[in-house]
Structure formats: C-alpha cells, structure tokens
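There are 2 protein chains.
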Amino acid sequence: MTIALIGGTGAEGRGLAARFASAGLRVLVGSRSPDRAAAAVKALQAGRGDLPLSAATNDEAIAASDTIVLAVPFPCVSRLLDAQHARFKSGALLIDVTVPVVFDGAQPRLLDVSEGSAAEHIRRRLPDGVALAASLKTIPARVLSGVAPLDCDEFVCGDSESARERTIALLRLIPGLRPLDAGPLDSARTFERMAMLAITLNRRYKSRDARFHVVGLAT
Amino acid sequence: MTIALIGGTGAEGRGLAARFASAGLRVLVGSRSPDRAAAAVKALQAGRGDLPLSAATNDEAIAASDTIVLAVPFPCVSRLLDAQHARFKSGALLIDVTVPVVFDGAQPRLLDVSEGSAAEHIRRRLPDGVALAASLKTIPARVLSGVAPLDCDEFVCGDSESARERTIALLRLIPGLRPLDAGPLDSARTFERMAMLAITLNRRYKSRDARFHVVGLAT
Numbered sequence: 001m002t003i004a005l006i007g008g009t010g011a012e013g014r015g016l017a018a019r020f021a022s023a024g025l026r027v028l029v030g031s032r033s034p035d036r037a038a039a040a041v042k043a044l045q046a047g048r049g050d051l052p053l054s055a056a057t058n059d060e061a062i063a064a065s066d067t068i069v070l071a072v073p074f075p076c077v078s079r080l081l082d083a084q085h086a087r088f089k090s091g092a093l094l095i096d097v098t099v100p101v102v103f104d105g106a107q108p109r110l111l112d113v114s115e116g117s118a119a120e121h122i123r124r125r126l127p128d129g130v131a132l133a134a135s136l137k138t139i140p141a142r143v144l145s146g147v148a149p150l151d152c153d154e155f156v157c158g159d160s161e162s163a164r165e166r167t168i169a170l171l172r173l174i175p176g177l178r179p180l181d182a183g184p185l186d187s188a189r190t191f192e193r194m195a196m197l198a199i200t201l202n203r204r205y206k207s208r209d210a211r212f213h214v215v216g217l218a219t
Numbered sequence: 001m002t003i004a005l006i007g008g009t010g011a012e013g014r015g016l017a018a019r020f021a022s023a024g025l026r027v028l029v030g031s032r033s034p035d036r037a038a039a040a041v042k043a044l045q046a047g048r049g050d051l052p053l054s055a056a057t058n059d060e061a062i063a064a065s066d067t068i069v070l071a072v073p074f075p076c077v078s079r080l081l082d083a084q085h086a087r088f089k090s091g092a093l094l095i096d097v098t099v100p101v102v103f104d105g106a107q108p109r110l111l112d113v114s115e116g117s118a119a120e121h122i123r124r125r126l127p128d129g130v131a132l133a134a135s136l137k138t139i140p141a142r143v144l145s146g147v148a149p150l151d152c153d154e155f156v157c158g159d160s161e162s163a164r165e166r167t168i169a170l171l172r173l174i175p176g177l178r179p180l181d182a183g184p185l186d187s188a189r190t191f192e193r194m195a196m197l198a199i200t201l202n203r204r205y206k207s208r209d210a211r212f213h214v215v216g217l218a219t
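Sequences listed follow chains B and D, in order.
Position 37 (the first sequence) corresponds to 37 in my numbering; numbering is contiguous.
Position 91 (the second sequence) corresponds to 91 in my numbering; numbering is contiguous.
Chain B extracted, bound-state conformation:
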C-alpha cells in the first residue's frame, strides 16, 4: 500500500511520512518542488535508516495514490485542491490533517472558516468520488516529528463509515496511537478547536507536547 503525503516537507508531513514508513508502508513524500521533496526524503533517511520513502511532486503523488494525507498549511488548501481536482483517483481517500490556525505575530488565532471547519471546506472542493476523513489535527507537529511513541489518542471523523474505517486502520499502524471514531465530518469543528486548545495550553504551561487521551473508554 502506498500513501502520499501532500505537503510532505513540512514538520507535520515529515513526521507522518517517517512514522508511516517505519510502520512498513511505502510513502510518497510530495512537494510542489521535486528538489525539496528529494531533500526531505534524504534527511528522513539519514536520521532513521532505510525507510520505504520516495520523493514525488504533489501532482505525481496525488495521481498515484489511493490514500492521500493533506498536510499543507490551511491557507494553501483551496488553490491546491482546485489545481489537483482532475488528478485524484476515483475511490481515493483523502485524510485532512490541516488546522485553520494562523499566527498574528506570535499570537495564534483560529480562522473562522465559513463551512464550519477546514475539513468541510475541503469537502466542498474535492471530487465526489474521493472520500474524506479528518484526523491527526490535535497532535503537535513537534510530537509527530519525534521518534517516541505518541502515547495519546487521536480522533477520526469522515464523510462515510468506510472513510473512517480506512483511516482508523491506517492510524493503528502507528505505535502508541489509539484512533477513535468520532462520527460525521462536522466533528472536525471540534478537533480543530482542540488543536487550538492544545496550542493555548502549550503556551500557558510552557510545553510543546500537549495532546489528548480519553479516559474511561475501552476500545
């Protein structure tokens, strides 16, 4: 199984690429720039040995993959999806991990997305034949890009049971991560606010690692 990381050269993208590749998946690290994609793969290989990572342009990665993780900054999403619309394979699954947070100077701010969440914004811009899930929004990029087990839960929502199941199966491959099914796509409104809450708590308690665990749930 091949998984594409779009925006694979950012901190979150690199972290996820390494974690999925460490779990044995073939990973395409996508970037607008083939050079930056190649450099990211080289850096990841240098740190962690011979992982099944390949560099690709975003165009190539989207056209080649049945599972695509969208890890570009939220302000880039609309333009990217409009440009890539015709390249998606029918039946592909897109996993949205974006958080609509911008920084005014050092001050983080959750954008007011008219569709209610980044995930719903993305749904409106995706071809009908592409399934959409939202997840991995609440774990800081810094934690994802480390090598320690994640030791937390992550929430999954999606536009179909199947989109959620495929995403959950994928996340189960990452050590220390418990994926939890949170239902329809509009639950992303909650995840995105929780991502902002984690940022707020990190700043107040001088951490960079805040993430969530649900107590009292046998899964």
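If you're looking for bench data, these hints aren't it; they were derived computationally from the structure.
A portion of the hints provided could be inaccurate.
Once the Cα atoms are required to be at most 20 Å apart in a straight line, the calculated EDC-like pairs of lysine to aspartate or glutamate come out as [what the hints assert, rightly or not]: (1) B:LYS206 x D:GLU165; (2) D:LYS89 x D:ASP59; (3) D:LYS206 x B:ASP181.
Computed from a predicted model, the values in this text were never measured in an experiment.
Once you've looked at the hints, dock chain D against the given chain B.
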C-alpha cells in the same frame, strides 16, 4: 467558604455538591423547590455520611454565596438569570458548567448558541459585577456523581485572570482532578464541543465515562 450549587438536585449538581462538601467546603444545594433541595441533601447525606451540605432555594443560595456553580439544564439558563439578576452579590463568581446539548429522542445535538457558547450566552445575562468562569463541562454527570477519584483534567476559561484563578483553586480541592487554564471565555466553545465529543464517543464505544486527560503537560 460557602459554595452554591444552582440546579443542585440534578445528577451533575448532586455530584459536584458531594465532591465539594467532601473536600470540606460548606455547600448550599439549591433548587427552585425547597422540598427537592431538602430531599437531595438527605439522599447525599445518606450515601456519604455527615457532609457540610444544606438545602436552599435558588433565590437564597444566590443571595448568600460568593461562589455559585450554575448546573441547571441549558434551556433554563436565560429565564433563571433574568429572574435572579438583582440577587447576585457584587464580586461573586459564577462558574458555568452547562452544556447546550439537547436530545432529539435518543439523538444528542449541540445547540447553535448565537453568542458562540453557553458561557458567552450567560455572560450577556449576568450583572457586570459578577465574574464568570466556565468549567466542568467535559466530565460526564455520571462520573461526577460517583465517588471514585476523577482521574482526568478539566479545562477552565473565564472573563478575567481572577475568575480563572478562583475556579482553579476550587477545582484543585477535588481529588484526581487537574484544572487547566485555557484562557478567555470564548474557549468555552471548545469545551462545549468536547462535551458533545465525549457523548459521541460514549455512544460509539458503549461507555458512559469518557473524559479527557492532556498528555505532555507539566503543571
């Protein structure tokens, strides 16, 4: 120190009354009906021995207290606050623990509150001289009304640093609960969605105990 529980005869109110009283605080269990307040106090005493609990009407409890926990169902909030407006002591702290969730049959649904959250809705209806914090929204009433240590975190936001500090000092008295300062009052939008997420997860994973712990935060 006396703390009033408005809506003290509901599951959440009773649970909090018992936990605060067990921590040594004098607690006024408030209800519209003096008989129901008295019955709730009697039931709590029967289960847990000689706790410093007293029955009161909501009117009496609000007029007498510097710290007031608002635990009525959200649909009752506006009417109650309008009726009680003149009774609040200046300098009092109100802690809003309401969640704007209604059930359509068995189906839970988060209400769309025009102010953004129940807490902000309440702020608009509270006298200026009363401070407001929001907390205890994400822990299920069933968990609060048990006797086991809560073993989770709870988030606190408020309209001033002082409102948050007073609330955090209070919550620290409850065993197993770590209060976390999440900043300004509009963070309640996040807490209320998280309460809905806990309900969703409980239903999906056949639990009634889902609540949150933040990993990676040294406090």
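Evaluation of the provided hints:
| no. | hint | in the structure |
| --- | --- | --- |
| 1 | B:LYS206 x D:GLU165 | 18 Å, holds |
| 2 | D:LYS89 x D:ASP59 | 12 Å, holds |
| 3 | D:LYS206 x B:ASP181 | 12 Å, holds |
In this structure, none of the earlier numbered hints is contradicted; all agree with it.
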